[in-house]
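Heads up: the sequence lines are chains S and B, in that order. Numbering that gives the first Met the number 0 puts the last residue of the first sequence at 312; the count rises by one with no breaks. Numbering that gives the first Met the number 0 puts the last residue of the second sequence at 500; the count rises by one with no breaks.
Keep in mind that a hint or two might mislead.
[Unchecked claim] Covered stretches of chain S, as calculated for chain B (at least 3 residues, CB under 8 Å):
(1) 177-184
(2) 188-196
(3) 199-210
[Said to hold, decoys possible] Derived DMTMM-like pairs (lysine to aspartate or glutamate); straight-line CA-CA distance at most 25 Å:
(4) S:K13 to B:E141
(5) B:K119 to B:D171
(6) S:K13 to B:E88
(7) S:K203 to B:E88
(8) S:K203 to B:E112
(9) B:K313 to B:E249
(10) B:K470 to B:E283
(11) B:K131 to B:E116
(12) B:K131 to S:E194
[Claimed, not checked] Now the in silico label distances, taken between C-beta atoms and shown as ranges:
(13) S:R206 to B:S54: 28 to 36 Å
(14) S:R206 to B:M0: 31 to 39 Å
(15) B:Y10 to S:R180: 39 to 47 Å
(16) B:A67 to S:R180: 27 to 35 Å
(17) S:R206 to B:Y10: 25 to 33 Å
(18) S:L243 to B:S268: 57 to 65 Å
Because the hints were derived from the structure by calculation, they are not lab data. Every residue, glycine too, gets a C-beta built ideally from N, C-alpha and C.
Each chain, letter by letter, is given below.
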Amino acid sequence: MNFPSMGISTTSRKGGQNLSLLIVLIVAIGLSVSTQEFLGGENARNLIVQISPLLLVALGQAVVVLTGGLDVSVGSLIGLCAVIITLPIDPTPALALVAVAAIATGLVNGLAVGVLGIHPIIATLSTSTIFTGIALTLRPTPGGDVPTWLDALVGTHVLGLPVELFWFISAVAIGFTLLQRSRLGLHLHAIGGSEANARLAGIKVLRVQVSAYVICALFAASAGLFLAARISDGDAIVGLPFTLMSITAVALGGVQFTGGLGSTTGVVLGCLLLGFLSNGMNLLNVSPFLQSIVSGALLLVAISFTRRKTIGI
Amino acid sequence: MIRVENLTKSYGPVVCLSDVSVTCEDGSVHALTGENGAGKSTLMKLIGGVIQPNSGRIFLDDREVRFANPREALMGGISTVFQEFSLIENMTVAESVFLGHERANRGFLRKSEMYDETRKVLDHVGLDISPKRMISTLTVAEQQMVEIARGVSANAKVFIFDEPTAALGDEDVRKLKNLIRELQASGKNIFYVSHRLEEIFDLCDTITVLKDGEHVITKPAADLNVDSLVTYMVGREMGDWFPAKTALDEDLSVSVEDLKPIPGAPSVSLQVRKGEILGLAGLEGQGQQEILRALAGVFSETTGSMTSWFGGKKIRHKLNGGVREQVARGVAFVPEDRKKEGLYLTLPIDQNIALGQHQKRGIMAFARRTRDQVLGLMGKMNVSAFGPEQIVETLSGGNQQKVMLGRWMASDAHVFLIEEPTRGVDIGAKAEIYQLLRDLVAGGKSAIVLSREMNELIGLCDRILVVRSGKIVAEMDPETATEHSILRAAIAGEAGQEMAA
Numbered sequence: 000m001n002f003p004s005m006g007i008s009t010t011s012r013k014g015g016q017n018l019s020l021l022i023v024l025i026v027a028i029g030l031s032v033s034t035q036e037f038l039g040g041e042n043a044r045n046l047i048v049q050i051s052p053l054l055l056v057a058l059g060q061a062v063v064v065l066t067g068g069l070d071v072s073v074g075s076l077i078g079l080c081a082v083i084i085t086l087p088i089d090p091t092p093a094l095a096l097v098a099v100a101a102i103a104t105g106l107v108n109g110l111a112v113g114v115l116g117i118h119p120i121i122a123t124l125s126t127s128t129i130f131t132g133i134a135l136t137l138r139p140t141p142g143g144d145v146p147t148w149l150d151a152l153v154g155t156h157v158l159g160l161p162v163e164l165f166w167f168i169s170a171v172a173i174g175f176t177l178l179q180r181s182r183l184g185l186h187l188h189a190i191g192g193s194e195a196n197a198r199l200a201g202i203k204v205l206r207v208q209v210s211a212y213v214i215c216a217l218f219a220a221s222a223g224l225f226l227a228a229r230i231s232d233g234d235a236i237v238g239l240p241f242t243l244m245s246i247t248a249v250a251l252g253g254v255q256f257t258g259g260l261g262s263t264t265g266v267v268l269g270c271l272l273l274g275f276l277s278n279g280m281n282l283l284n285v286s287p288f289l290q291s292i293v294s295g296a297l298l299l300v301a302i303s304f305t306r307r308k309t310i311g312i
Numbered sequence: 000m001i002r003v004e005n006l007t008k009s010y011g012p013v014v015c016l017s018d019v020s021v022t023c024e025d026g027s028v029h030a031l032t033g034e035n036g037a038g039k040s041t042l043m044k045l046i047g048g049v050i051q052p053n054s055g056r057i058f059l060d061d062r063e064v065r066f067a068n069p070r071e072a073l074m075g076g077i078s079t080v081f082q083e084f085s086l087i088e089n090m091t092v093a094e095s096v097f098l099g100h101e102r103a104n105r106g107f108l109r110k111s112e113m114y115d116e117t118r119k120v121l122d123h124v125g126l127d128i129s130p131k132r133m134i135s136t137l138t139v140a141e142q143q144m145v146e147i148a149r150g151v152s153a154n155a156k157v158f159i160f161d162e163p164t165a166a167l168g169d170e171d172v173r174k175l176k177n178l179i180r181e182l183q184a185s186g187k188n189i190f191y192v193s194h195r196l197e198e199i200f201d202l203c204d205t206i207t208v209l210k211d212g213e214h215v216i217t218k219p220a221a222d223l224n225v226d227s228l229v230t231y232m233v234g235r236e237m238g239d240w241f242p243a244k245t246a247l248d249e250d251l252s253v254s255v256e257d258l259k260p261i262p263g264a265p266s267v268s269l270q271v272r273k274g275e276i277l278g279l280a281g282l283e284g285q286g287q288q289e290i291l292r293a294l295a296g297v298f299s300e301t302t303g304s305m306t307s308w309f310g311g312k313k314i315r316h317k318l319n320g321g322v323r324e325q326v327a328r329g330v331a332f333v334p335e336d337r338k339k340e341g342l343y344l345t346l347p348i349d350q351n352i353a354l355g356q357h358q359k360r361g362i363m364a365f366a367r368r369t370r371d372q373v374l375g376l377m378g379k380m381n382v383s384a385f386g387p388e389q390i391v392e393t394l395s396g397g398n399q400q401k402v403m404l405g406r407w408m409a410s411d412a413h414v415f416l417i418e419e420p421t422r423g424v425d426i427g428a429k430a431e432i433y434q435l436l437r438d439l440v441a442g443g444k445s446a447i448v449l450s451r452e453m454n455e456l457i458g459l460c461d462r463i464l465v466v467r468s469g470k471i472v473a474e475m476d477p478e479t480a481t482e483h484s485i486l487r488a489a490i491a492g493e494a495g496q497e498m499a500a
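Chain S with its partners taken away, still in its complex shape (with noise of 0.2 Å):
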């Protein structure tokens, strides 16, 4: 809580959500004036299905982040997840164990980091690369069949809508009922905080650090979905980029990586600067190779106003 003059406010618990809220303006304003295509109306519902998946990841990881810790398996879950909803069973069935999936994942990284006291990043970039492997087993290739009902809930529209804008708001009204709502929300908070006080507060650590886990899964999962419907096919490896991207999009956002400051505003602004910024260089042209260096370097300078010293990034 050292740093008021980069946006980080002392007074609220929110992060550098407004220091976020200025660069999405900037950013906006900047590709309004450049580009024409980008304040039109098929440009925004292209961003709205473009950044929807990683708005879940990274909601997901901001509770896991808020906590203190980090999770790194997000992508090889999201891929695992788009396997087994492609599988040749029933979908009832296939639909459970991704559930199942997303709450072994979550159990395995919480109790590895709580209990085993191994490093968030270590912990999860293990279990991520099993997913990743179990996902490549069941299906070496991209292919498969998504089931009919969760087609419908992608690239249609509702009310005029396009649908993903309705997963769009569902997902920020679960992350803000969590997170500024509930009793485990304010205990990610604490713990983020000062775990040692938290227990000393009679909150139980462990359950709140596996509880942050879990749901990261969950949301993880969820995009799995929304990524397996809107390409119409299994792909192992399609969630990767998304660990990172999330990531990125968190620090965007204001949250900071010790723990305890961040909040889902700052996430939505997050993914929305990260969004516009990819769909801005599509619309001038620039190439793929070269928006992957851009994304590098946003990841770092947003990484460097946080204060990481003290966990290890």
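Model the placement of chain B on the given structure of chain S, informed by the hints.
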């Protein structure tokens, strides 16, 4: 009424509290006092549920209670205002008051209800701030009030204050005292841990003195005065395991003028003669550590001058240039926490000692073979280890300290700054370390030693300076000084000087 019976707490062989029984009546403010390390805080942590006793029982209103953590204790009626605050910086005031027992419907917080109740409790303790303020924006005094509000909100019966005035200004101390008197008037049981005697006599009706983890006396405050209380706090024979003091050289080894460890600190001057061991005494946190560390070059904003003489040369020191600068000029610093700040625990003995020699050499210089020299030193210091290759972490506390000192014996330092030379060291090893320190200053060198143990300073040092609030308030000759007179000077400030005689 709260009653503890035969509480004992030990960590391995180290006994922190031994068979202590205390009773605090309703509407009583009960002082717990004693020297540093007497076991006051341990006793309060046991009652407050922070740690659990090895044996003994706690009764609240004649019902036996056991608490696994402070939250359980609070719900059971015992509220502790910790010396190190237990609040979390990113919580609001209301959240802090309710953390661990939030008002909620099926997991959803009833925020406005918590705000309303917090406002009432804050009114009650006389704190005029919004319940929505973040803890990080509050002053220390306000945070302390929030901790008390937490206890009031949980309707606690017992309030424990652990050195509550340590970080407060006069006005806040006055407010706190009023609040404590109000709690007392409403029939609460209050424990007041402190070594500030004037506060104790002002506030408390009953006084319990602890010494080395044991119960000394419990008496009504009216039956005691400052003198009798200090006698109870000290009351122990000094061990005679100290080496003989040698005659001092007339020549100065170190001269320090107008030292201000950090900006705004009072200025301090002192001299140490060749062959002298100078002791710094004082109650915890009175600035003696800052003085020593400033001389070691730890603080970047230190001002003042330091000069030393060794081997016929006069050396001018740079105090704000970092520890390296001071090491280069022959100053050795042995920090209090050797595990965190001094030793390389995972390296073997020989490499730890050899570091002393290499500290002054360039990064590309070849490391000399040092095994013979280290073996010689280990023999001289009587380090119990199977060889120079033993990893330091596996040594006992006393042997670790010897390795630490050995590092500086192997270097050519001539001014030694040593914090708590025998912390965590058993009696036998203590005597050896005292002898080592004497050997260290032979041949025109000198040492400044900081210790919480007054009798250690009396036995070891040639001269003792007593520090209070960053100033040297008394100079004492160990021949005539007693634990009593040092403690008196450390507590009573300037007035202590007359006690020196």
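Do the hints match the structure? See the list:
1. 177-184: holds (count 4)
2. 188-196: holds (count 6)
3. 199-210: That given contact holds, which follows from 4 residues of the segment 199-210 of chain S lying within Cβ reach (below 8 Å) of chain B.
4. S:K13 to B:E141: The hint holds at about 22 Å.
5. B:K119 to B:D171: holds (20 Å)
6. S:K13 to B:E88: holds (13 Å)
7. S:K203 to B:E88: Distance ~19 Å between S:K203 and B:E88 Cα, so the pair holds.
8. S:K203 to B:E112: holds (24 Å)
9. B:K313 to B:E249: Holds: B:K313 and B:E249 sit about 16 Å apart, inside 25 Å.
10. B:K470 to B:E283: holds (14 Å)
11. B:K131 to B:E116: Within the cut-off at roughly 12 Å; holds.
12. B:K131 to S:E194: holds (22 Å)
13. S:R206 to B:S54: 28 to 36 Å: holds (31 Å)
14. S:R206 to B:M0: 31 to 39 Å: With a Cβ separation near 36 Å, S:R206 and B:M0 satisfy 31 to 39 Å, so the hint holds.
15. B:Y10 to S:R180: 39 to 47 Å: holds (43 Å)
16. B:A67 to S:R180: 27 to 35 Å: holds (29 Å)
17. S:R206 to B:Y10: 25 to 33 Å: The hinted range 25 to 33 Å holds for S:R206 and B:Y10, with Cβ atoms some 28 Å apart.
18. S:L243 to B:S268: 57 to 65 Å: holds (59 Å)
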